[in-house]
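Take these sequences, add in the hints, and give me the full structure.
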Amino acid sequence: MNRYQKIVYLLPAILTGLPVWAQQRFPKPEFETGYVQPATSQPAPRMLFLEYFDVFVLVAALTLATWFVVRKRSRQGVLWTSVFSLLYFGFYREGCICSIGAIQNIVLAVFDPSYVLPFTALLFFIIPLVVALFYGRTFCAAVCPLGAIQDLVAFRPIELPKWLQKILGLIPYLYLGLAVLYAATRSEFLICRYDPFVGLFRFDAEFQMLLLGALFLLVGVFVARPYCRFFCPYGVLLGWMSTFSKKHMTITPTNCIQCKLCANSCPFGAIDEPVEEQGNRRSNVQRLMAYLLLVPLWMGIGGLAGSMVHVPLAKFNKTVYLAEQLVANPEIKQDQNNIDARTFMQKGKTMDELVTEAQSIRSQFYWGGWVLGGFMGLVIGLTLVKLSSHRNRNDYVPDKTNCLSCGRCMDYCPVKN
Amino acid sequence: MNDKKTSKPTNRREFIQKGMRATLGLSLAGLAGVAAFKASADDYVWQIDPFKCVSCGRCADYCVVTPSAVKCVHAYDLCGYCDLCGGYLKPDANALSTAAENQLCPTAAIKRKFVEDPYFEYEIIETLCIGCAKCVEGCSAFGNGSLHLQVRHDLCVNCNECSIARVCPADAFLRVPASSPYLIKGDFTTGNSTSNPT
Chain A
1 MNRYQKIVYL LPAILTGLPV WAQQRFPKPE FETGYVQPAT SQPAPRMLFL EYFDVFVLVA
61 ALTLATWFVV RKRSRQGVLW TSVFSLLYFG FYREGCICSI GAIQNIVLAV FDPSYVLPFT
121 ALLFFIIPLV VALFYGRTFC AAVCPLGAIQ DLVAFRPIEL PKWLQKILGL IPYLYLGLAV
181 LYAATRSEFL ICRYDPFVGL FRFDAEFQML LLGALFLLVG VFVARPYCRF FCPYGVLLGW
241 MSTFSKKHMT ITPTNCIQCK LCANSCPFGA IDEPVEEQGN RRSNVQRLMA YLLLVPLWMG
301 IGGLAGSMVH VPLAKFNKTV YLAEQLVANP EIKQDQNNID ARTFMQKGKT MDELVTEAQS
361 IRSQFYWGGW VLGGFMGLVI GLTLVKLSSH RNRNDYVPDK TNCLSCGRCM DYCPVKN
Chain B
1 MNDKKTSKPT NRREFIQKGM RATLGLSLAG LAGVAAFKAS ADDYVWQIDP FKCVSCGRCA
61 DYCVVTPSAV KCVHAYDLCG YCDLCGGYLK PDANALSTAA ENQLCPTAAI KRKFVEDPYF
121 EYEIIETLCI GCAKCVEGCS AFGNGSLHLQ VRHDLCVNCN ECSIARVCPA DAFLRVPASS
181 PYLIKGDFTT GNSTSNPT
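Protein chains in written order, with full-length UniProt numbering: chain A, 1 to 417; chain B, 1 to 198.
In case anyone wonders, no lab produced these hints; they're calculated from the structure. All C-beta atoms, glycine included, are put in the ideal place defined by N, C-alpha and C. You may find that some hints are simply not true.
To be verified - Here are the simulated lysine-lysine pairs, PhoX-like style, with alpha carbons at most 25 Å apart:
| hint | chain 1 | residue 1 | chain 2 | residue 2 |
| --- | --- | --- | --- | --- |
| 1 | A | Lys416 | A | Lys246 |
| 2 | A | Lys333 | B | Lys52 |
| 3 | A | Lys347 | B | Lys18 |
| 4 | A | Lys349 | B | Lys111 |
| 5 | B | Lys18 | B | Lys52 |
| 6 | A | Lys386 | B | Lys18 |
| 7 | A | Lys349 | A | Lys318 |
| 8 | A | Lys166 | A | Lys386 |
| 9 | A | Lys166 | A | Lys28 |
| 10 | A | Lys247 | A | Lys28 |
| 11 | A | Lys260 | A | Lys315 |
| 12 | A | Lys247 | B | Lys18 |
| 13 | A | Lys349 | A | Lys247 |
| 14 | A | Lys347 | A | Lys333 |
| 15 | A | Lys347 | B | Lys38 |
| 16 | A | Lys333 | A | Lys318 |
| 17 | A | Lys247 | A | Lys260 |
| 18 | B | Lys90 | A | Lys318 |
| 19 | A | Lys247 | A | Lys72 |
| 20 | A | Lys162 | A | Lys386 |
| 21 | B | Lys18 | A | Lys28 |
| 22 | B | Lys52 | A | Lys318 |
| 23 | B | Lys90 | B | Lys113 |
| 24 | A | Lys246 | A | Lys72 |
| 25 | A | Lys260 | A | Lys28 |
| 26 | B | Lys90 | B | Lys52 |
| 27 | A | Lys416 | A | Lys386 |
| 28 | A | Lys315 | A | Lys333 |
| 29 | B | Lys113 | A | Lys28 |
| 30 | B | Lys90 | A | Lys246 |
Claimed, not checked - Simulated restraints on C-beta separations:
| hint | chain 1 | residue 1 | chain 2 | residue 2 | range |
| --- | --- | --- | --- | --- | --- |
| 31 | A | Val116 | B | Gly30 | 16 to 26 Å |
| 32 | A | Thr254 | B | Gln17 | 15 to 25 Å |
| 33 | B | Gly30 | A | Thr254 | 16 to 26 Å |
| 34 | A | Tyr92 | B | Glu123 | 39 to 49 Å |
| 35 | A | Lys315 | B | Pro177 | 53 to 63 Å |
So, in structure tokens, the structure goes:
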């Protein structure tokens, strides 16, 4: 077959337009010179046993961190474990797989029937939570690479006013809710997309990502661990577990002698000071009851607000966005430079099918908005309840929800075993 | 009497703590149980379904790895070994030669090797390939479609959500079991007869 014959063969193929894979346009030649066809190379992915080795390292690091925090009471030990975790999970594993992102895999497994969950992701999600249920957030202290990198730069921590901490502390709940919403609607993995440090771990990322990471580290010099305290969605779950943990880290090994040396030692503002109930008991209880009764109202307002913003929320879904674009500007269907519109026209899907699909996703966002808003209402309501409830405290104790078990305060305690 | 009074609140608090701990433990176990139904012991990696790919070129731009972990591969089984290769030569090439001005590939990542008259072998030099899919487009439009994109797993860092998959207009990115991580045309024949009704 010479060149001209090929062009003749080529013409009908060009005329019919669409690529035809069904039949080979040009049959494979039969070679006479003993030519041996090379094989298409297929370099293998990372070995499976290494993925399980990561789980083993996670368990080992968690065990070590927990032992250092709860039994050994050694800040040095915690620090070096966190350096190891930063090197292993951060720079060697390049920040992926991580427990924070695993939230989305779990959610997707629950909501997407076609998704297959790698068992390692399930383990990465569940193991730190189980440990937190027994020993507090030792995962945050020394295993999470995102926490470790921020912990190492917290040189000049300043104390944020309590009210600001409380307000900023609501962001993780919102972030968690949004991440679950976007994973459940199969839109995207929000947490992974806005992971601030993964670019630093890889030494390679787009500019915005590196900028975000650098910004977090810069702020982290003065506000210790800003991502952990005011963004991390996994921290919310760990906080719930840690609040009711069986054996949480304590500041003093035995009895507190009220020396106040630890009072300013916590860079995260997670030490509760001794407090006496103020004011009249009866009116305090009444206020508490009033706030409790307000919780359903908060949930209702939140849910309504959430459902009202479902249209902009749904815009982040690829299908919904494309449908909106095509309905609003039908002329882009002809635009060859608009890759999404061009591909949609090529695929031969009708506009009706696309709009129906987008509408069903939008209705998922509508109900998701109710749930998300209701959840945020519940969080706000309970935060107010907690603020208005009084619990007498005689000693300096770690706030179990927000304590990251880093162990700094233990070094300040003069009471030794 | 006095003793009882001081010990009672602690007991209540402990009871709540224990109850909540059990509740949280059970809900964790429940969630893990539901998720475990979907779990597989195998790991999953990203791959491109070459029959869905529309060679839009985003693979070159959106990968977190620079240059992209998506490369063109050559399914030799499908190749017609054409002299006039739609993947190698520009449509308006003025000669069937290896001269730079005739090459479609912006990085000259395709090596053209004479086999026997009139056949030529085309090989991808992966270190040069940026995954722009220009050759894929040419090969699919004018040839057999033996050149196509694949995620190369020696380069891919296997992000939890592939940042190219998020913007792929054709939804061609799939999670595939790590034990069979490639979808090479030829040995992967699903869609061969169904993806295109023509």
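Verification of the hints:
Pair hint A:Lys416 plus A:Lys246 holds up; C-alpha atoms about 22 Å apart against a cutoff of 25 Å. Between the alpha carbons of A:Lys333 and B:Lys52 the distance comes to roughly 20 Å, so the proposed pair stays at or under 25 Å and holds. Distance hint between A:Lys347 and B:Lys18 is unfulfilled; the C-alpha atoms sit about 57 Å from each other, more than 25 Å. With a C-alpha separation of about 38 Å, the suggested pairing of A:Lys349 with B:Lys111 is violated against the 25 Å cut-off.
For the hint pairing B:Lys18 with B:Lys52, the CA-to-CA distance comes to about 53 Å; that exceeds 25 Å, so the pair is violated. A C-alpha spacing of about 19 Å is found between A:Lys386 and B:Lys18, which places the hinted pair at or below 25 Å, so the restraint holds. Distance hint between A:Lys349 and A:Lys318 is fulfilled; the C-alpha atoms sit about 15 Å from each other, no more than 25 Å. Between A:Lys166 and A:Lys386 the alpha-carbon distance is near 11 Å, which keeps this suggested pair within the 25 Å criterion.
A hinted pair counts as satisfied when its Cα atoms are at most 25 Å apart, and A:Lys166 with A:Lys28 does not qualify at roughly 70 Å. A threshold of 25 Å between alpha carbons decides the hint, and for A:Lys247 with A:Lys28 the separation of about 70 Å lies outside it, so the pair is violated. About 52 Å separates the Cα atoms of A:Lys260 and A:Lys315, which puts this hinted pair outside 25 Å; it is violated. As the CA atoms of A:Lys247 and B:Lys18 are separated by approximately 12 Å, the hinted pair is consistent with the 25 Å bound.
Between the alpha carbons of A:Lys349 and A:Lys247 the distance comes to roughly 58 Å, so the proposed pair goes past 25 Å and is violated. Simply put, A:Lys347 and A:Lys333 have alpha-carbon atoms about 12 Å apart, close enough for the 25 Å limit, and the pair holds. Annotation: proposed proximity of A:Lys347 to B:Lys38 is violated, straight-line Cα distance about 30 Å (limit 25 Å). For the given pair, A:Lys333 sits about 16 Å from A:Lys318 by alpha-carbon distance, which is consistent with the 25 Å threshold.
Proposed proximity of A:Lys247 and A:Lys260 is supported: the alpha carbons are some 23 Å apart, at most 25 Å. For the given pair, B:Lys90 sits about 33 Å from A:Lys318 by alpha-carbon distance, which is inconsistent with the 25 Å threshold. Under the criterion of a C-alpha separation no larger than 25 Å, the hint pairing A:Lys247 with A:Lys72 is consistent with the structure, at around 14 Å. The straight-line distance between the Cα atoms of A:Lys162 and A:Lys386 is roughly 13 Å, inside the 25 Å bound, and the hint therefore holds.
Proposed proximity of B:Lys18 and A:Lys28 is contradicted: the alpha carbons are some 72 Å apart, above 25 Å. The suggested pairing of B:Lys52 with A:Lys318 holds, with an alpha-carbon distance near 17 Å, which does not exceed 25 Å. A hinted pair counts as satisfied when its Cα atoms are at most 25 Å apart, and B:Lys90 with B:Lys113 qualifies at roughly 17 Å. This hinted pair checks out: A:Lys246 and A:Lys72 have alpha carbons roughly 17 Å apart, not beyond 25 Å.
With a C-alpha separation of about 84 Å, the suggested pair A:Lys260 and A:Lys28 falls outside the 25 Å cut-off, and the hint is violated. Restraint check for B:Lys90 and B:Lys52: satisfied, since their Cα atoms lie roughly 24 Å apart, inside the 25 Å limit. For the suggested pair A:Lys416 and A:Lys386, the alpha carbons sit about 33 Å apart, so the restraint of at most 25 Å is broken. With a CA separation close to 19 Å, the supplied pair A:Lys315 and A:Lys333 stays within the 25 Å bound.
A hinted pair counts as satisfied when its Cα atoms are at most 25 Å apart, and B:Lys113 with A:Lys28 qualifies at roughly 16 Å. Under the criterion of a C-alpha separation no larger than 25 Å, the hint pairing B:Lys90 with A:Lys246 is inconsistent with the structure, at around 70 Å. Take A:Val116 and B:Gly30: their Cβ atoms lie about 20 Å apart, and the range 16 to 26 Å holds. Here the CB-CB span from A:Thr254 to B:Gln17 is close to 21 Å, well matched to the stated 15 to 25 Å.
Checked against the given bound of 16 to 26 Å, the beta carbons of B:Gly30 and A:Thr254, roughly 38 Å apart, lie outside it. The hint said 39 to 49 Å for the Cβ distance between A:Tyr92 and B:Glu123, and at roughly 33 Å that hint is violated. Remark: the range hint 53 to 63 Å for A:Lys315 to B:Pro177 is contradicted by a beta-carbon distance near 33 Å.
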